[in-house]
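Engineer: In case you want the letters, here they are:
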Amino acid sequence: MMISANLNTYLIIAVILLIIGLYGMLQHRSLIGMLISSEFILNGAGLNFMAFNRFVAPNPAVGQIYTLFIMGIAAAEAAIVISIIIAVYRKYGSEDPERVQDMKL
Amino acid sequence: MIVFKYIAEVLFYAFMILTFMGGFMAVRSRLLMHAVLGLAVSLLGVAGLYFYLGSPFLAMMQVLIYVGAVCIMIVMGVMLGNTPDQLAYKNFEGRNTILAAFACALGFVALYVAIGQAKFAPAAEKVGDMSIRFIGESLLFQYCLAFELISVILLTAIVGAIILARGGREEEAK
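Those protein sequences? They're chains A and B, same order as listed. The opening residue of the first sequence carries number 1 in the working numbering; numbering runs sequentially from there. The opening residue of the second sequence carries number 1 in the working numbering; numbering runs sequentially from there.
Please keep in mind that the hints were generated in silico from the structure rather than gathered at the bench. Here the structure is a predicted model, which is why all the values come from computation and not from measurement. Keep in mind that the hints are not guaranteed to be accurate.
Computed Cβ-Cβ distance ranges for the label pairs, DEER-style [stated by the list, open to error]:
id : chain 1 : residue 1 : chain 2 : residue 2 : range
1  : B       : Leu106    : A       : Asn6      : 19 to 27 Å
2  : B       : Ile132    : A       : Met2      : 36 to 44 Å
3  : A       : Asn8      : B       : Val159    : 36 to 44 Å
4  : A       : Lys91     : B       : Met76     : 17 to 25 Å
5  : A       : Asp102    : B       : Ile132    : 46 to 54 Å
6  : B       : Lys126    : A       : Gly93     : 52 to 60 Å
7  : B       : Phe134    : A       : Tyr92     : 43 to 51 Å
8  : A       : Val56     : B       : Phe141    : 38 to 46 Å
If you only want the chain B side, here are some residues facing chain A, beta carbon under 8 Å, derived [what the hints assert, rightly or not]:
id : residue
9  : Ala35
10 : Leu58
11 : Val78
12 : Thr97
13 : Ala100
14 : Ile135
15 : Ala146
Derived, one-sided and incomplete: chain B residues facing chain A with beta-carbon distance under 8 Å [to be verified]:
id : residue
16 : Ala8
17 : Glu9
18 : Thr19
19 : Val46
20 : Tyr52
21 : Pro56
22 : Gly68
23 : Ala69
24 : Cys144
25 : Val159
26 : Leu164
27 : Ala165
C-beta atoms are modelled at their ideal positions from N, C-alpha and C, and glycine is treated no differently.
Same shape as in the complex, but just chain A (with noise of 0.2 Å):
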C-alpha cells in the first residue's frame, strides 16, 4: 500500500499543519509570531482542497484555482498584517499583542 495514493495521508498532514498554525498562535508572544502561524492554517487548508482535488473531484480545475485563490487571500493579508504591524510598532514602540489590546490607535 503506497502511503502517497491514500486521500487520508494527505488529509492527516492538512490536519498536522492546522494543529501546528494553532500551536503557534497561542504560544506567540508577537504578532508576527502569529501571522507565521496563520500561514500554516491557510496551507493546511490549501493542502486539504488538493487532496480532495486529486481523489474526489469531478472536475480537477476546481481544487486548483481554489487552492491558487488562497494563496492570493495570503498574500493579500501578509501585506496588509505587516503593514499593520509597523503602524503598531511605530505607535506603541513594541509588537506585544497584549499592549496592543485596546485597538486604539
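Given the structure of chain A, go ahead and fit chain B onto it with the hints provided.
Structural biologist: Structure of chain B alone, referenced to chain A:
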C-alpha cells in the same frame, strides 16, 4: 521500474518530514528569523506534496508566491519591527506551553478520529485533466469571477498596505 516507485515513496516521506520539521521550528524557535526560516522550509515541503497530488503548476506557484513573496515580506516585517537586541527577547514568556499543547493534541485526536470515520467516494465520472492548459481555460471562462476577484483583492490589499504603513511618516515630517 518498481525501483522508481520506491524512490518516489521515500521522497514523499522526506517531504512530509520537511513539512513537520519546518512547522516545529516555526512554532518553537526563540528567534523570529528562525521561525520564518521554518515557515519557508515547511512551505517547500508542502510544495513537494503538491507534486504528488499531480499538480506541478501549483507546486511552482507555492514556491513562487509563498516561499518567494510571503516569506520575504515577513522577513522585512521582522527586520523593520525589531531592533537587533530585541530579537532575542523571550518569545514564549507568560504562555502556558503544556496547556496549549494539551488543547492542540485534543483537537488533533478529534479530527483524526473524524477522518478515520469518514467515507469519501470518488466521483463517478471526471471531466478535463490536471494540465495547465485546462486550468487556464477554466480560469478564463468558467471561473472568470474567481480570477477577477483575486486581482481586485490584491489591488485593494496593496493600496491598503501603503495607506496603513505610511500613516506616521507625515506626522514625523511636520
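Engineer: Compare the structure with each hint and give your call.
Structural biologist: Hints, one by one, checked against the model:
Evaluation of the 19 to 27 Å hint for Leu106(B) and Asn6(A) yields a pass: the beta carbon distance comes to about 25 Å. For the hinted restraint 36 to 44 Å between Ile132(B) and Met2(A), the CB-CB distance of approximately 25 Å leaves it violated. Between Asn8(A) and Val159(B), the C-beta spacing of about 43 Å keeps the proposed range 36 to 44 Å intact. Take Lys91(A) and Met76(B): their Cβ atoms lie about 19 Å apart, and the range 17 to 25 Å holds.
In this structure, Asp102(A) and Ile132(B) meet the distance hint of 46 to 54 Å, their C-beta atoms being roughly 49 Å apart. At about 57 Å, the CB distance of Lys126(B) to Gly93(A) agrees with the hint of 52 to 60 Å. Judged by the Cβ atoms, the range 43 to 51 Å given for Phe134(B) and Tyr92(A) holds: they are separated by roughly 50 Å. Range check, Val56(A) to Phe141(B): Cβ separation about 23 Å, and the 38 to 46 Å hint is violated.
The beta carbon of Ala35(B) comes within 5 Å of a beta carbon in chain A, closer than 8 Å, and the hint placing it at the interface holds. Proximity of Leu58(B) to chain A holds as hinted, the smallest CB-CB distance being about 6 Å (cut-off 8 Å). Taking 8 Å as the C-beta cut-off, the interface hint given for Val78(B) holds, the closest approach to chain A being about 6 Å. The criterion of a C-beta within 8 Å of any C-beta in chain A is met by Thr97(B), whose closest approach is roughly 7 Å, and the hint holds.
For the restraint placing Ala100(B) at the interface with chain A, the shortest Cβ-Cβ distance is roughly 4 Å, inside the 8 Å limit, so the hint holds. Given the 8 Å rule on beta carbons, the hint for Ile135(B) holds: about 5 Å separates it from the nearest Cβ of chain A. With a least beta-carbon distance of about 6 Å to chain A, the hint placing Ala146(B) at the interface is held under the 8 Å criterion. Here the hint on Ala8(B) is kept, as its CB sits about 7 Å from the closest CB of chain A, short of 8 Å.
Checking Glu9(B) against chain A: minimum C-beta separation of about 6 Å stays under 8 Å; hint holds. For Thr19(B), the suggested interface contact is upheld, since its CB lies about 7 Å from the closest CB of chain A, less than 8 Å. This hint holds: Val46(B) has a C-beta 6 Å from the nearest C-beta of chain A, less than the 8 Å allowed. Here the hint on Tyr52(B) is kept, as its CB sits about 5 Å from the closest CB of chain A, short of 8 Å.
Taken as an interface hint, Pro56(B) does not check out: its beta carbon lies about 11 Å from the nearest beta carbon of chain A, beyond 8 Å. Here the hint on Gly68(B) is broken, as its CB sits about 10 Å from the closest CB of chain A, past 8 Å. For Ala69(B), the suggested interface contact is upheld, since its CB lies about 6 Å from the closest CB of chain A, less than 8 Å. The interface hint given for Cys144(B) is violated, since its Cβ lies 11 Å from the closest Cβ of chain A, which is over the 8 Å cut-off.
Restraint check, Val159(B) versus chain A: the minimum CB separation of about 10 Å is more than 8 Å; hint violated. This hint holds: Leu164(B) has a C-beta 4 Å from the nearest C-beta of chain A, less than the 8 Å allowed. Here the hint on Ala165(B) is kept, as its CB sits about 4 Å from the closest CB of chain A, short of 8 Å.
Violated hints, listed in ascending order, are 2, 8, 21, 22, 24 and 25; each of the other numbered hints is respected by the structure.
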